[in-house]
Amino acid sequence: DTEVTQTPKHLVMGMTNKKSLKCEQHMGHRAMYWYKQKAKKPPELMFVYSYEKLSINESVPSRFSPECPNSSLLNLHLHALQPEDSALYLCASSPTHRQGGKDGYTFGSGTRLTVV
Amino acid sequence: AQSVTQLGSHVSVSEGALVLLRCNYSSSVPPYLFWYVQYPNQGLQLLLKYTTGATLVKGINGFEAEFKKSETSFHLTKPSAHMSDAAEYFCAVSEGSGNTGKLIFGQGTTLQVKP
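If you're matching them up, the sequences are chains A and B in order. At position 9 of the first sequence the residue is numbered 9 (my numbering), and the sequence of numbers has no breaks. At position 22 of the second sequence the residue is numbered 22 (my numbering), and the sequence of numbers has no breaks.
One or more hints might be untrue.
[As the list claims (entries may be wrong)] Label-pair ranges, simulated between beta-carbon atoms:
1. B:Thr77 x A:Ser65: 38 to 48 Å
2. A:Lys18 x B:Ser80: 46 to 56 Å
3. A:His79 x B:Leu18: 32 to 42 Å
[Said to hold, decoys possible] In silico contact screen, one side only, chain A against chain B (beta carbon under 8 Å); selected entries:
4. His29
5. Arg30
6. Ala39
7. Pro43
8. Pro61
9. Arg63
10. Phe64
11. Pro66
12. Cys68
13. Asn75
14. Pro83
15. Ala87
16. Pro95
17. Gly101
18. Lys102
19. Val115
[To be verified] The calculated lysine-lysine pairs, modelled on BS3-like cross-linking and capped at a C-alpha distance of 25 Å, are:
20. B:Lys114 x A:Lys40
21. B:Lys68 x A:Lys102
22. A:Lys36 x A:Lys9
23. B:Lys114 x A:Lys102
24. A:Lys18 x A:Lys53
25. A:Lys53 x A:Lys40
26. B:Lys114 x A:Lys41
27. A:Lys22 x B:Lys69
28. B:Lys49 x A:Lys40
29. A:Lys53 x B:Lys114
30. A:Lys41 x B:Lys49
Keep in mind that the hints were calculated from the coordinates and are not lab data. Since we're looking at a predicted model, the values are computed, not measured. Note that beta-carbon positions come from the ideal geometry of N, C-alpha and C, so glycine has one too.
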């Protein structure tokens with residue numbers, strides 16, 4: 001299995017809702033990433049987990065809360081989002097964080113989030 | 001600090017024509033360089049990468065790129081464009097020559113292929 005699977009594919013949520021995005025990989029990778037991508041823009045790094053511990057938070061607002069319950073699973077909990085948070089949220093993984101810098105990351109297909 | 005510049009946010013070619021997407025990097029250390037492709041409503045897929053060794057790198061779908069240190073470039077080419085090549089292409093450099101694990105992306109180039 002060489003895939004990163006993200007669910008749901010699409011999500012529409014109100015500004016007072018709480019929702020979660022899920023990311024799963026079974027490649028034995030120990031680094032996992034959350035990216036945010038606006039239309040026609042490059043992905044922006046949000047969080048990096050290394051060996052299930054949060055190692056990088058790129059000053060992301062607290063309305064985004066990541067969680068790594070085990071080495072295969074990464075969640076992004078969403079609460080009180082704003083319309084400008086509407087974007088494609090991408091998950092990625094690599095064997096280790098350092099190895100990702102040498103070999104690149106494997107990306108999932110993303111969750112298209114719309115905040116209304 | 002490393003950075004990447006993609007020249008041309010939009011490139012249009014005819015089917016069967018040469019594809020050339022330009023990428024220049026800035027790095028004080030030997031760079032690790034990548035090209036990713038993103039089809040509509042999809043994630044990013046690694047096309048090819050340069051780490052060390054041979055400067056001409058072959059990737060998937062007939063794409064290749066050449067690392068030119070003297071020109072600080074890593075341009076992506078394909079001899080003959082197919083309609084299926086229409087997508088967004090991102091060049092990326094690895095921060096700290098791969099030591100930090102962080103990828104820095106260029107702004108992207110949209111490739112349009114005309115019949």
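Hint by hint, here is what the structure shows:
| no. | hint | result |
| --- | --- | --- |
| 1 | B:Thr77 x A:Ser65: 38 to 48 Å | 43 Å, holds |
| 2 | A:Lys18 x B:Ser80: 46 to 56 Å | 50 Å, holds |
| 3 | A:His79 x B:Leu18: 32 to 42 Å | 49 Å, violated |
| 4 | His29 | 12 Å, violated |
| 5 | Arg30 | 11 Å, violated |
| 6 | Ala39 | 10 Å, violated |
| 7 | Pro43 | 6 Å, holds |
| 8 | Pro61 | 20 Å, violated |
| 9 | Arg63 | 23 Å, violated |
| 10 | Phe64 | 19 Å, violated |
| 11 | Pro66 | 17 Å, violated |
| 12 | Cys68 | 16 Å, violated |
| 13 | Asn75 | 17 Å, violated |
| 14 | Pro83 | 20 Å, violated |
| 15 | Ala87 | 13 Å, violated |
| 16 | Pro95 | 10 Å, violated |
| 17 | Gly101 | 4 Å, holds |
| 18 | Lys102 | 4 Å, holds |
| 19 | Val115 | 18 Å, violated |
| 20 | B:Lys114 x A:Lys40 | 20 Å, holds |
| 21 | B:Lys68 x A:Lys102 | 18 Å, holds |
| 22 | A:Lys36 x A:Lys9 | 14 Å, holds |
| 23 | B:Lys114 x A:Lys102 | 35 Å, violated |
| 24 | A:Lys18 x A:Lys53 | 23 Å, holds |
| 25 | A:Lys53 x A:Lys40 | 31 Å, violated |
| 26 | B:Lys114 x A:Lys41 | 23 Å, holds |
| 27 | A:Lys22 x B:Lys69 | 41 Å, violated |
| 28 | B:Lys49 x A:Lys40 | 22 Å, holds |
| 29 | A:Lys53 x B:Lys114 | 47 Å, violated |
| 30 | A:Lys41 x B:Lys49 | 21 Å, holds |
Violated hints for the displayed structure, listed by number in ascending order: 3, 4, 5, 6, 8, 9, 10, 11, 12, 13, 14, 15, 16, 19, 23, 25, 27, 29.
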